[in-house]
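**Student:** The lines below spell out each chain.
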Amino acid sequence: MNQLAFIILGFCLLVYILIKVKNKQFSERESLMWILAGAIVLVFAVFPGLLDFIARFLGVYYQPTALFLLTFFAIILILLRKEQQINGLEERVKELAQQNALIMNKIEKFIK
Amino acid sequence: MRYLIIIPCYNEALNIVKVFEDLTEFIGATRLNADILAINDSSTDNTEQVLRENKICFLSLPFNLGYSGALQTGFKYAIEHNFDFVIQFDGDGQHIPTEIQKLLNAQAENDADIVIGSRFILNSGYKHGLLRSLGTKIFTLLINMICGEKITDPTSGFQILKREVFSRYAKMGAYPRYPDANLVIQMILEGFKVREVPVKMQLRIFGVSMHAGFWNPLFYMVHMFYSIFMIIIQYGASMFHHQKSIK
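Line order of the protein sequences matches chains S and C.
Heads up: the first sequence begins at 0 in numbering that gives the first Met the number 0, then just goes up one per residue.
Heads up: the second sequence begins at 0 in numbering that gives the first Met the number 0, then just goes up one per residue.
Be aware that one or more of the hints could be misleading.
What the hints assert, rightly or not - Simulated coverage check for chain S against chain C, where a stretch passes if three residues somewhere in it have a Cβ under 8 Å from a Cβ of chain C:
# : region
1 : 84 to 97
2 : 100 to 111
What the hints assert, rightly or not - Capping the alpha-carbon separation at 30 Å, the derived lysine-lysine pairs in BS3-like fashion look like this:
# : chain 1 : residue 1 : chain 2 : residue 2
3 : S       : K108      : C       : K161
4 : S       : K105      : C       : K161
5 : C       : K101      : S       : K108
6 : C       : K170      : S       : K81
Claimed, not checked - What follows is a list of derived Cβ distance ranges for each label pair:
#  : chain 1 : residue 1 : chain 2 : residue 2 : range
7  : C       : I137      : S       : E27       : 48 to 56 Å
8  : S       : Q84       : C       : A236      : 24 to 32 Å
9  : C       : G235      : S       : Q83       : 53 to 61 Å
10 : C       : M229      : S       : L68       : 27 to 35 Å
11 : S       : Q83       : C       : I137      : 28 to 36 Å
The set of hints was computed from the structure by calculation and includes no laboratory data.
Note that the Cβ used here is the ideal one computed from N, Cα and C, for glycine as well.
Chain S extracted, bound-state conformation (with noise of 0.2 Å):
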């Protein structure tokens, strides 16, 4: 029972993101690694053993530790990621702005 309600869950994840995809609520790009989120969940729900084997294989002996820390870590590459585009529109957004001053001084100086 507890097997079926995580493939339930994996499964209802991957078609929430494909529906937003659809939607055009959400890049192909930045779905894809979502995506990918939604099939390992899928995955483990499906082969519970493959969990049991990452556990032994990380030393860690309560399963669910192993889950934990493995999301832990997918969490924090996303949040590294989306800081960096962060930075990057950051940047684009300066530059517009600057942009516009410049061009609105142009625009001022033409009306005269």
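Since the structure of chain S is provided, determine the placement of chain C on it from the hints.
**Tutor:** Frame of chain S, contents of chain C only:
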């Protein structure tokens, strides 16, 4: 030679007219071929209206970019309009227009790329808070250790920049939020000639400084140390060569 005096302004409605008048008087008296450009950093007071009423040439940013973002806009304007030098000047009445002459002389004598007006070479009567003067001393020491040059007032915004320098600043993807000791170090390591000259400054007339309070200077210090650390990582090799060439 054409000079552009750039004045970043954020809520300087009460100070800017006096600054502009004093500068105009100085330019008239010395017959310096200079234009004045104010950069209104999206002030929330009536700075823009004051600039317009007094027919001061200005750029207006659509939202606040901070001191360095405003400066960088001025550099871009200077490139577009083919100026040879940029003179950075504060809009709060701290800088004294007649002192520009000292910067001009120092630039001409040394053919320097950057000339910084320093409050601390001679006793100029300028008073700093304890934390800030300690900070300035630490950064002076750091610059000396890293570049082997003595710069006593790296936080001074009173500077003359050659075209090569402001072109470099204008194109910098990540022009620092606080362009102080970190930028001085970077420019020296990139091979630019930086000189300092003693100048007098006065306390701002109206309003509050961007370094006021307890947390702002503290955050500034941490930020600056980190920024210098990153420059050391980035320019490690040229640091070694620079010190070797001085010896």
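**Student:** Has the given pair, K108/S with K161/C, been kept, meaning a C-alpha gap of at most 30 Å?
**Tutor:** Roughly 26 Å between the alpha carbons, so the hint for K108/S and K161/C holds.
**Student:** Assuming the hint says 48 to 56 Å, is it satisfied by the Cβ distance from I137/C to E27/S or not?
**Tutor:** holds, 50 Å
**Student:** Does K161/C sit within 30 Å of K105/S, going by the straight-line distance between their CA atoms?
**Tutor:** The hint holds at about 24 Å.
**Student:** Please check whether the region 100 to 111 of chain S has three or more residues whose CB lies within less than 8 Å of a CB on chain C.
**Tutor:** holds (count 4)
**Student:** Q83/S and I137/C, beta-carbon distance inside 28 to 36 Å?
**Tutor:** Since the Cβ atoms of Q83/S and I137/C sit about 31 Å apart, the hinted range of 28 to 36 Å holds.
**Student:** Is it true that the CA of K101/C sits at most 30 Å from the CA of K108/S?
**Tutor:** violated, 33 Å
**Student:** If you look at each residue in the region 84 to 97 of chain S, do at least three have a Cβ nearer than 8 Å to any Cβ of chain C?
**Tutor:** Since 4 is at least three, the answer is holds.
**Student:** Within 53 to 61 Å or not, the Cβ separation of G235/C and Q83/S?
**Tutor:** violated, 24 Å
**Student:** Is the distance from the Cβ of M229/C to the Cβ of L68/S consistent with 27 to 35 Å?
**Tutor:** holds, 30 Å
**Student:** Q84/S and A236/C, beta-carbon distance inside 24 to 32 Å?
**Tutor:** For A236/C against Q84/S, whose Cβ atoms are near 31 Å apart, the range 24 to 32 Å holds.
**Student:** With the threshold set at 30 Å, check whether the alpha-carbon distance from K170/C to K81/S stays at or below it.
**Tutor:** holds, 25 Å
The structure is inconsistent with the numbered hints 5, 9, although it conforms to all the rest.
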